[in-house]
Amino acid sequence: MKIKTLWGLGLVTALAAPFCLAAPTAITGANIVNSQGAIEEGVTIIVDQGTIQAMGENIPVTDEMDIIDAEGRWVTSGFVAASGNLGLEEVGAVGDSVDTRTKHAQLTAAFEVADAFNAASTLIPVARTEGITSALIMPSLSNDGDEGGYDRIFAGTAALADLSGQLESIRVRSAAVVAYLGDRGKDAAGGSRAAAVAGLRAALEAGKLYNASGTVTKRYTLPEALEGAPFSVEDVQQFALVESGKLPLLVHADRVADIAQALKIQQQFGIRMAIIGGAEAWKLAAPLAQANIGVILNGENNLPVSFDHLGARLDSAAILSRAGVEIAFSGENATTHNARNMRQVAGLAVAHGLQWEQAIRALSRSAAGLLGFDADVGQLQAGAIADLVVWDGDPLELDTYPSHVFIRGEVMDLSNRQTKLRDRYLDLKSELPPAYR
Amino acid sequence: MKITLRWLGALALVVPMLSRAEPYPSTYAPLPSETVLLKGGTILTGTGEQIDNGDVLIKDGKIAKVGKNLKARGAKVVELEGAWVTPGIIDVHSHLGAGGVPGVRAHSDVNEMTAPTTPDVWIEHSVWPQDQGFVTALAGGITALQILPGSANLIGGRTVTLKNVPSRTVAGMKFPGAPYGLKMACGENPKRVYGNKGRAPSTRMGNVAGYRSAWIDALDYKAKIEKAKEKGDPLPKQDLAKETLVGVLDGEILVHNHCYRADEMATMLDVAREFGYKVTAFHHAVEAYKIADLLADQGVCSAVWADWWGFKMEAYDGIKENAALLHEAGACAVVHSDDAHGIQRLNQETAKVVGAAKRAGINIPKSTAIQWITLNAAKALGIDAMTGSLEPGKMADLVVWNNDPFSVYALAQQVYIDGAVVFDRADVAKQPMMDFGVGNGVIGGGQ
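Protein chains in written order, with numbering that gives the first Met the number 0: chain A, 0 to 436; chain B, 0 to 446.
Take these hints with a grain of salt, some might be off.
No farther apart than 16 Å at their CA atoms in a straight line, the calculated lysine to aspartate or glutamate pairs in the EDC-like style are these [said to hold, decoys possible]: (1) Lys67(B) x Asp316(B); (2) Lys428(A) x Glu48(B); (3) Lys357(B) x Glu226(A); (4) Lys357(B) x Glu89(A); (5) Lys357(B) x Asp391(A); (6) Lys365(B) x Asp398(A); (7) Lys365(B) x Glu48(B).
Coverage of chain A stretches by chain B, computed from C-beta distances (three or more under 8 Å per stretch; other residues unrestricted) [claimed, not checked]: (8) 77 to 91; (9) 126 to 135; (10) 168 to 177; (11) 304 to 313; (12) 347 to 356.
These are computed hints drawn from the structure, not numbers from a lab.
Values in this document were obtained by computation on a predicted structure and should not be read as measured data.
Just so it is clear, CB atoms sit at the ideal spot from N, CA and C, and this is done for glycine as well.
Generate the whole structure from the sequences, applying the supplied hints.
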């Protein structure tokens, strides 16, 4: 656990260098949920050099600081989108604008989506203006299906990016290797979920062998025993990072039987793992908590949309959280273009029994935390990256918006393409067509 | 009653033409109900009014009275204790039952993707009443909904409006007296589906040529029937496709036109003018806000999402304020789902629009916004004389919410349809479960 945290810290802080030289900012009178999950009122937060310099009730505010009086409103750490393809996709159905997947035969786990990330995407300001300041950026499985090789269950490697819109937005280039069990994995692996499980084991065995043979530095050689394996050198190197605990494995799984398989594999190899989807994860809440496996939950699904989702329920979040499982939120209508709806999904979970403070935690630190990057992303404490949001109401409510968004201490513009379109068409009675507005 | 009369009028026209009775009639019968007095809640009437600390009296399956300090001898009194009451939520755009869960290929009955115009198909013949989506929608306050064919086709077929009451047959769900609709679709979907098959339409101009050809055929069929009647000749052989289109030309079948882009909606209004029919509602009208004035002038409803955008090119300009800008321009705004999850939370989708509008300086009272998913939706379906608002004489279709329905934390506590409690979050006996969910671990009860 110690090593994991240190590793996370190293990577994150290396990329979190401040990019602004503005005056320090003091946010005063804030209501917060602190890192212990407790509510505090009247808090002052000092932001400088891209980080939270100081935080507490009696922090002095000096003359040279810019002051934002939160007046008892909620201030949270910026929310972290826990799934989806921000920066990889502009218009879903327009293939030219989508970089989430590859059909390249020799590139599965080593497909690093960070390298396709487009910080100028219009989706980023849309998410940011609703308080999302960073996002896990996911690779997707190729849509072709029935690829027929068990190596095809790996979609690639996810990244963690901030939503500043700056060219250098990637915080963690390799955040997790993404694999599919369940119905998607079954198709990718050639028709049975057993083949998908076999693929996962084979990959980790290959990684183990690679680590054991000490050939990590010899880029273009594989251990003899791996010759003829379905994996490319690059993929095996990625599996080696997972096997040694340096890189977490994010497993798509919904059916309890598939999650149980993932759990067995996690225990066999001692790797870091999180589940994404998790429709029936609630049935394994206790063992998941014990194994420290977090769940990125599709929090709005309560329908048997497939035979993997028969036990889907809206109080999954409450059940998992009560058992001590770290959860983050996603949803059918709360990802990519509508990543902003993760707040609604969290609110829905609260309506179905999740403690409100836990919902805030799930939105802010958990997405990074369950992959081991919670050292300073999504944290509201001195020393953390200053990704902050001042809200004009309950952050989970449907009519609440941020009044201020900070990323790495920098104040973000709260307009986006949609607010501009709105303003262009607010008044339809004008002499010249809207193209002149 | 206006609608019922108009519908009877429609039968009078259609029956001689077909020389037989209306096929596939509704067999819906309300579930057992009692006289109930809901006391002391915040009532959004659906007529634009909010009554604080108000009461609703339900009798014989109808709304009997709405007001303050109501009394009714023998009524079962339900203390609302701060709960909110709204009309039943109506979704004008759903595929429940036709694309049911689990979403396996065997359940894919939404699009008859074998020809670009299929007005001969009726979606009710695809609807599987055991779709678990109906009961999760019920737990979200949905009391009536329109099921439409999909959008692969220029003219996709007849729609059906249902009461959201569990039944063994689709006929047992059919909303009595509701007019049929005709599903039409603009834009990317038809041209993609048929363009990929190497046939027309593969462009937007191909789409329009396709609508026009179909309506020309329909006018021809209509003229033949009228001529035969005039001369006393035998009627032409019944043509299922053209019969439906003639129903539209006669004003008895309502056009529900899937159309995203502003310019295409304007074109479709021209097509309608050319052939003498009316577009009742544009669905998925993502860019309606750009022509809100035109839509207001033409008296066309626009059914929109709160926030779906960018999943395809024609959805790229979606904004959350769409419904609010339509309303401000005096047009008929409706919030719809097209989604088995979204239909469970149309109140929240509406709340998102209100919240976004507030940020843009437009204040929409809750009493107005609730109309987008109640009375306006009922208007778009031609059932507003029967349901959609809490007015004496209307069907007692309503929802009791544990909280302000515009809050993310609100849940429907009880749902009444024709005065019967069809869902009660506090009573497992009033939480229906479809057959698919029996014995396989599907979670019910509004969870």
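(message) When the structure is checked against the list of hints, which entries are broken? Sort them ascending.
(response) 1, 2, 3, 4, 9 and 10
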